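*Asks:* Letter by letter, the chains look like this.
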Amino acid sequence: MSLDNLILLTGRTISQGVALEGGKASRENVRACGICTFDADDFKKLDCLVGTPVKVITDYGEVVLYSTITEEGPHQGIIFIPMGPWANQLVNPSSQGCGTPTYKGMKAKVEVVKSGKVLGAIELIGRLKEA
Amino acid sequence: MVVKIRTVKDVSCPFCGTLCDDLEIDVDIKTDLVVEVRNGCQIGTRKYFSSNPSDHRYMKPLIKVNGEHKEVSWDEALDKAADILVNAQRPLLYGFSSTECEAQSRGVELAEMLNAILDNTASVCHGPSLLAIQDVGASLATLGEIKNRADTIIFWGSNPVHAHPRHLSRYSDFIRGYFRTDGRNDRNIIVIDPRYTHTAQIADKYIKVNPSEDYELIQAIRAVLRGSELDVKEVSGVPMDDIKELVEELKSCNFGVVFFGMGLTQSLAHHRNVDTAIRLVAELNDYTKFLLIPMRGHYNVAGANQVFTWNTGYPYSIDFSRGYPRYNPGEFSSVELLLRDEVDASLIVASDPGSNFPAASVKNLFKHPLISIEPHKTPTSAFADVILPAAIAGIECEGTAYRMDGVPLRLRKVKDPPGDTLSDKEILERLIEKVKEKLGE
Numbered sequence: 001m002s003l004d005n006l007i008l009l010t011g012r013t014i015s016q017g018v019a020l021e022g023g024k025a026s027r028e029n030v031r032a033c034g035i036c037t038f039d040a041d042d043f044k045k046l047d048c049l050v051g052t053p054v055k056v057i058t059d060y061g062e063v064v065l066y067s068t069i070t071e072e073g074p075h076q077g078i079i080f081i082p083m084g085p086w087a088n089q090l091v092n093p094s095s096q097g098c099g100t101p102t103y104k105g106m107k108a109k110v111e112v113v114k115s116g117k118v119l120g121a122i123e124l125i126g127r128l129k130e131a
Numbered sequence: 132m133v134v135k136i137r138t139v140k141d142v143s144c145p146f147c148g149t150l151c152d153d154l155e156i157d158v159d160i161k162t163d164l165v166v167e168v169r170n171g172c173q174i175g176t177r178k179y180f181s182s183n184p185s186d187h188r189y190m191k192p193l194i195k196v197n198g199e200h201k202e203v204s205w206d207e208a209l210d211k212a213a214d215i216l217v218n219a220q221r222p223l224l225y226g227f228s229s230t231e232c233e234a235q236s237r238g239v240e241l242a243e244m245l246n247a248i249l250d251n252t253a254s255v256c257h258g259p260s261l262l263a264i265q266d267v268g269a270s271l272a273t274l275g276e277i278k279n280r281a282d283t284i285i286f287w288g289s290n291p292v293h294a295h296p297r298h299l300s301r302y303s304d305f306i307r308g309y310f311r312t313d314g315r316n317d318r319n320i321i322v323i324d325p326r327y328t329h330t331a332q333i334a335d336k337y338i339k340v341n342p343s344e345d346y347e348l349i350q351a352i353r354a355v356l357r358g359s360e361l362d363v364k365e366v367s368g369v370p371m372d373d374i375k376e377l378v379e380e381l382k383s384c385n386f387g388v389v390f391f392g393m394g395l396t397q398s399l400a401h402h403r404n405v406d407t408a409i410r411l412v413a414e415l416n417d418y419t420k421f422l423l424i425p426m427r428g429h430y431n432v433a434g435a436n437q438v439f440t441w442n443t444g445y446p447y448s449i450d451f452s453r454g455y456p457r458y459n460p461g462e463f464s465s466v467e468l469l470l471r472d473e474v475d476a477s478l479i480v481a482s483d484p485g486s487n488f489p490a491a492s493v494k495n496l497f498k499h500p501l502i503s504i505e506p507h508k509t510p511t512s513a514f515a516d517v518i519l520p521a522a523i524a525g526i527e528c529e530g531t532a533y534r535m536d537g538v539p540l541r542l543r544k545v546k547d548p549p550g551d552t553l554s555d556k557e558i559l560e561r562l563i564e565k566v567k568e569k570l571g572e
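Protein sequence lines correspond, in order, to chains X and R. Just so you know, this note's numbering puts 30 at position 30 of the first sequence, and the rest follows in order with no gaps. So the mapping is simple: this note's numbering equals the position in the second sequence, first residue as 1, plus 131.
Simulated from the structure, these hints should not be mistaken for lab results. Heads up, a few of these hints could be off.
What the hints assert, rightly or not - 30 Å max Cα-Cα, derived BS3-like pairs, lysine-lysine:
| hint | chain 1 | residue 1 | chain 2 | residue 2 |
| --- | --- | --- | --- | --- |
| 1 | X | Lys45 | X | Lys114 |
| 2 | X | Lys117 | R | Lys498 |
| 3 | X | Lys107 | R | Lys364 |
| 4 | X | Lys107 | R | Lys339 |
| 5 | R | Lys494 | X | Lys55 |
| 6 | X | Lys55 | R | Lys498 |
| 7 | X | Lys55 | R | Lys339 |
| 8 | X | Lys117 | R | Lys494 |
Said to hold, decoys possible - Listing some non-contacts, in silico: residues in chain R with all C-beta distances to chain X over 12 Å:
| hint | residue |
| --- | --- |
| 9 | Phe310 |
| 10 | Arg311 |
| 11 | Glu414 |
| 12 | Thr443 |
Bear in mind that the values here come from a model prediction, so they are computed numbers and not experimental data. Each residue gets a CB set at the ideal place from its N, CA and C atoms; glycine is no exception.
Build the full structure now, drawing on both the sequences and the hints.
*Replies:* See below:
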């Protein structure tokens, strides 16, 4: 299943803060930041279980993340990814001339990828080194 | 076994811009390990425990040889780092927000010596706020004023329950103040956000704004405040009746404050959002007292802006390539330079752009030599050519940091730095000496 016409927001979560202090190479960091949170009604349309990997695609990139249902909803049509290496594969690097990239408000679509793997932070960013 | 403990009190927490200064840290005297943290939030507490030696803490200087990091002496590592910087045409010095002011000052000195680009993390967070404040000024106050006087608090595009966990209990919500003797019951909390955040869930009023449409909503509030009738049913997803009700609430309060976060600075209108929020706050002062404070993220990003400004005249994104400081964030911010692939070597101090910059800019960061002054393994340091292991400011060395409202506080040293680690300040001083040698100064 897939969902189109979503808006991607990124930002801080307390788990993301704790995980980055606990070790960015850890699986804890993947569990805190390598996730995409959905509005409960949007998630039903995906027809999958919580934790199923999903591929999130924007005009700027794509990344595989664990799916989950938001505690900070309802926010129909919006998906949220905690700031960090995973979110930054998808954000709009353009600053519209002010120097600060546009980390919030990208158009996004989501596909369920049952066999997808969510990479660790070092492995994910390492792909940029090799590219 | 009896563990002998040394307790350090009134410690300022080096995590977020709230810079809580009431932490108590217990350190095992024999092992010099942090064993207990009191009064800290989850994140601050974790930061103290993460200072203990672990498999992701760097203890010795490292140089990349044949794709593997190899332990070397300080002299060898600094020599290699100085070589990289001196031989670069357009080096970037970035980070500085998670270290203390004296280290930041050394960073400015090094950048000037190298004719480099000097930038701090404001360029990816509150940079637009600084641009807006430079454009239209700002009505600011210290957090003590807010605690004692504010009866209406707006969190716009910020979620302190997650990002500044003790802000609500120390300054803005639950705390009792001189004129707010009943704490939470004496305050009206309003949250404006596209998501019903945990902060919104404990607020008195939640206004759901469409993503990236904050600018329109602020302008509509300003129009209603001036008595204009807007011929629309809603603005940015907010019904006109709700906007009118909000305006009456704001006009009739005794002392209001807007705390704003990345919801304004990182969405499409960037500094224009903040420009107009500042103007709204100024106009509200025709009716009552109203202020605004940016919710700064890193504990000393405000300090980095202060130190860079008193040294160069500018708070971030400074270009020394002509031998004097020039400022134009749209051109000289780290992300913009990296996107254009202008940077040919980088020195990253206490920061992790690998995690926090958009992928396209990280790709170009990794193309060129990279030096990382960093206590822990991060997606930036893991790919650095030279790693200079740092002591953590506020835990293993002293210093000064600026809280989000511009109040400087002293950071305490609670334990000795582990292994061969040195403070950021000392590393930068040694690096400056090496660079001077190579430049023949």
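*Asks:* State for each hint whether it applies.
*Replies:* Status of each hint after checking the structure:
In summary, the hint linking lysine 45 of chain X to lysine 114 of chain X is supported, as the alpha carbons are separated by about 15 Å, within the 30 Å threshold. Under the criterion of a C-alpha separation no larger than 30 Å, the hint pairing lysine 117 of chain X with lysine 498 of chain R is consistent with the structure, at around 26 Å. For the hint pairing lysine 107 of chain X with lysine 364 of chain R, the CA-to-CA distance comes to about 26 Å; that is within 30 Å, so the pair holds. Distance check on the hinted pair: lysine 107 of chain X and lysine 339 of chain R sit about 19 Å apart at the alpha-carbon level, within 30 Å; holds.
Among the hinted pairs, lysine 494 of chain R with lysine 55 of chain X is consistent with the structure: their alpha-carbon atoms are about 21 Å apart, no more than 30 Å. Pair hint lysine 55 of chain X plus lysine 498 of chain R holds up; C-alpha atoms about 27 Å apart against a cutoff of 30 Å. Proposed proximity of lysine 55 of chain X and lysine 339 of chain R is supported: the alpha carbons are some 27 Å apart, at most 30 Å. Of the pairs offered as hints, the one joining lysine 117 of chain X and lysine 494 of chain R holds, with about 22 Å between alpha carbons and a cut-off of 30 Å not exceeded.
The claim that phenylalanine 310 of chain R lies off the interface holds: its Cβ sits roughly 31 Å from the closest Cβ of chain X, which is beyond the 12 Å cut-off. In this structure arginine 311 of chain R is separated from chain X by more than 12 Å, as the shortest Cβ-Cβ distance comes to about 26 Å. Annotated as non-interface, glutamate 414 of chain R keeps its C-beta farther than 12 Å from every C-beta of chain X; the closest such distance is 24 Å. In this structure threonine 443 of chain R is separated from chain X by more than 12 Å, as the shortest Cβ-Cβ distance comes to about 16 Å.
Hint compliance for this structure: no hint is broken.
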